[in-house]
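Visitor: Please model the complete structure; the sequences and the hints are all you need to start from.
Those protein sequences? They're chains A and B, same order as listed. Start counting the first sequence at 0; every next residue gets the next number (numbering that gives the first Met the number 0). Start counting the second sequence at 0; every next residue gets the next number (numbering that gives the first Met the number 0).
Hints are computed from structural coordinates only; laboratory data are not their basis. Be aware that a few hints might be false.
Unchecked claim - Quick list of simulated restraints, FRET-style, between CB atoms:
| hint | chain 1 | residue 1 | chain 2 | residue 2 | range |
| --- | --- | --- | --- | --- | --- |
| 1 | B | G154 | A | D59 | 28 to 36 Å |
| 2 | A | S27 | B | G159 | 32 to 40 Å |
| 3 | A | G55 | B | E39 | 28 to 36 Å |
Values in this document were obtained by computation on a predicted structure and should not be read as measured data. No residue lacks a Cβ here, since even glycine has one placed at the ideal position from N, Cα and C.
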Amino acid sequence: MTKEELLSKLKTIIEPYVQNQEEFQHLSEDTNFIDDLEINSANLVDVILDVEDEFGIEIDNDGMDKMLTVKASIQVIQDKLVAK
Amino acid sequence: MDNKRIVITGLGVVAPNGTNVSDFKNAIRSGTSGIQFIDELNQLKFSCQIAGKPIYRKDYLNDYFNSVQLKGLNASGLEYGVIAGLDAWKDAGLAITDKTEDPLWDAGIIFGTGVLGVDKFREAIYKVDEGNVRRLGSTSVIQTMASGISAFLGGMIGCGNVTTTNSSACSTGTEAILMAYDRIMSGKAEIILAGSTSDSGPYVWGGFDAMRILPYKYNENPTAASRPMSATASGFVPGSGAGALVVESLENAQKRGAKIYAEILGGHVNSGGQRSGGSMTAPNSLAVKECIKQAVINSGIHVNDVDVINGHLTATTKDTIEIQNWSEALGRKGKDFPYINSLKSMVGHCLAASGSIESVATVLQLKEDFVFGNINCEDLHPEIEAIVARERIPTKTLSKHVNIAVKASFGFGDVNACIIFKKYS
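Guide: This is the structure we're talking about:
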């Protein structure tokens, strides 16, 4: 899976949780889920479960702690996909 | 303070025989039953395989919940309560505050339930037992905490006053309205969205089936099963749904030019202490009578002013005792007894939701001058007929001027609640 494909899937997953649509339109690798997109912190676990379902992977606690930005999330997902 | 008046300015309902106020009103006027055969109960070997369950299309929820709230939503009581609550709020002509605005400091929520999100809880139990607790996500807690219903409504509307969930079994809904009344009367709030909700499904109804207090001979004839006050009453039909009423100070209602459905004159809640014949499951008649009497006294009316009673009347052997209690509390019998009806003949016993759904029905009678008929009561119980004249227990809806209507609910734990509603003038 290319990084572009992965990003596209990730965007689809997070979209329903996003509260700042303007930031979402200008999404970049540095975009932070809570600070920029204003995703409710309680919903981060739901984002992670949706990611698991979409990519057929399991993300451990360390991975979850890292997944706060687009960049870090892509890294965690790629690592898990390689290990699969 | 003493001349403060409290009124009802909005109604919402999700009942087995109507999922909005207009359909519900038509159904209770025409005597339409919402009791149906539920195949799931048959599959699960329930004795009683019928129930009252609100019917609507899943996409109806899109009008009430956003896409995130809908993800993993598996709590029927939360659905019913949010639909009824938001409908009542809109019916009252009240706005939903924008996310960036301050909350409505004078507006609150008192929305009761017995247990919430049982299906969601079952889902969670399976995951936990499989060692998969991490897969619960964020939705498990908010859909299964009892106060989930008041929390959802409070957040959707933006309420800044009390936001809580009361629970007193089958008197929950009636109690919620009185708690709202008290809060506004004490000057601590101007508007309270009051009501109650009850989940549907086998995990809620199973315990009652096990207690053998549900009718089991009507699985092929569901609409005839709920028979309050009838000689052939054989137990209550389990129901579900939600009712909601916007309770508001008259001053505030007038200030914003709201339409007014009815006035709450007063009411009372008490308990029989599970003494003198009262128990976990049966009411102490002394306390029931005392509750009704106190409600009459603190409403400033005379017992003869009561035009209509909407009873608790579940269709068990206790109906006769309830009628006896009403008669003794009000000192009225025979042709002098007020009209009396039981909504449960059409929707079953909606448990924690019963008091609020039945209060909506009571307020509609006051507003539109009718007394809805009791279905399945052609064969009035002889012991009831010895106390109340047949004509006072109509089997068909009557057009009648109704000025004062009383609603009472009695719940497990020997708890009682009674409200006096009056036509607004």
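Visitor: Against this structure, judge whether each hint is valid.
Guide: Hint by hint, here is what the structure shows:
At roughly 32 Å, the beta-carbon separation of B/G154 and A/D59 lies within the given 28 to 36 Å, and the hint holds. A hinted range of 32 to 40 Å holds for the C-beta pair A/S27 and B/G159, which are about 37 Å apart. A C-beta distance of roughly 32 Å is found between A/G55 and B/E39, which places it inside the suggested range of 28 to 36 Å.
Hint violations for this structure: none, all hints satisfied.
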